[in-house]
Amino acid sequence: MIVAALQAEARSGDLAHNVATAARLVRQAEARVAVLPEAFLTGYDAAAFAGDLPTVTTLQGPALDPLRAAAAATGTTVVASAALARGAGRRTLSAVVVEPDGTTSAPYDKQHLDGAEPDWFVPGDRPATLTVDGVVLGLSICRDGSVPEHAAIAAAAGASVYLASVAYFPGGARRLDVTYAARALDHGLHVVVAGLTGRCGPHTFIGGSAVYAPDSTALVRLGDGEGIARADLDPMVR
Numbered sequence: 013m014i015v016a017a018l019q020a021e022a023r024s025g026d027l028a029h030n031v032a033t034a035a036r037l038v039r040q041a042e043a044r045v046a047v048l049p050e051a052f053l054t055g056y057d058a059a060a061f062a063g064d065l066p067t068v069t070t071l072q073g074p075a076l077d078p079l080r081a082a083a084a085a086t087g088t089t090v091v092a093s094a095a096l097a098r099g100a101g102r103r104t105l106s107a108v109v110v111e112p113d114g115t116t117s118a119p120y121d122k123q124h125l126d127g128a129e130p131d132w133f134v135p136g137d138r139p140a141t142l143t144v145d146g147v148v149l150g151l152s153i154c155r156d157g158s159v160p161e162h163a164a165i166a167a168a169a170g171a172s173v174y175l176a177s178v179a180y181f182p183g184g185a186r187r188l189d190v191t192y193a194a195r196a197l198d199h200g201l202h203v204v205v206a207g208l209t210g211r212c213g214p215h216t217f218i219g220g221s222a223v224y225a226p227d228s229t230a231l232v233r234l235g236d237g238e239g240i241a242r243a244d245l246d247p248m249v250r
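The working numbering applies: residue 13 is where the sequence shown begins, and numbers increase by one.
Read the hints as simulated data drawn from the structure, not as lab findings.
Yeah, the Cβ is synthetic: ideal placement off N, Cα and C, and Gly gets one too.
Fair warning: there could be bad hints in the mix.
As the list claims (entries may be wrong) - Derived DEER-like restraints, expressed as beta-carbon distance ranges:
1. G87 / G237: 23 to 29 Å
2. Q40 / A100: 35 to 41 Å
3. G99 / R233: 35 to 41 Å
4. A84 / G127: 18 to 24 Å
Using the sequences and the hints given, assemble the complete structure.
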């Protein structure tokens, strides 16, 4: 299974621009599974979080058509991330999955909020996995990966690959590397980490996208520039 962590800069509140960037990277990656950073579609920024957020219905409409077209053209299952309006005043940081047949869903909400996130969002109340070609993939968003039990639950559900959409600030590079290497080693998981980079609103992010083998080795790791961390995994090897 070829997997890819897609690393790029997101514009705060600019869904159309971020979708176009995601679609371009999906086409370049030519992977079976591609992962985007935390809140990439909306941007990770308080101004975006406080604004008009997309809903799941919005994302099933034409707003995501460029990303659906890229997924169809490459046969890629795309795991993106967005801040979503869930109704009844609920906002979440969520995983958005686009399948090659165009099916679009938001099956997972970040369970472990961090920093100022509780000012904007409610935590998810359940874990989630995704199955692609018979391979079970655990879904996680940033702080989730720092809670060992989160990956443990995914492994217990049969996951052999753990997908992480993240957004780390300057100074967090060592913590990012240690965290996801540990999650790989804890449960014999392949771990795919997609990190936000560049500026979004007033914030700067460090990238750090990587793919880890079950023995915690980094098979590929990016710095802080736009790029694609791509690896061919054998999910049967744990």
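Against the structure, the hints:
Between G87 and G237 the CB atoms are about 27 Å apart, so this pair conforms to the stated range of 23 to 29 Å. In this structure, Q40 and A100 meet the distance hint of 35 to 41 Å, their C-beta atoms being roughly 39 Å apart. Checked against the hint of 35 to 41 Å, the C-beta distance between G99 and R233 comes to roughly 39 Å, which is consistent with it. Range check, A84 to G127: Cβ separation about 36 Å, and the 18 to 24 Å hint is violated.
When each numbered hint is compared with the structure, a violation occurs for hint 4 only.
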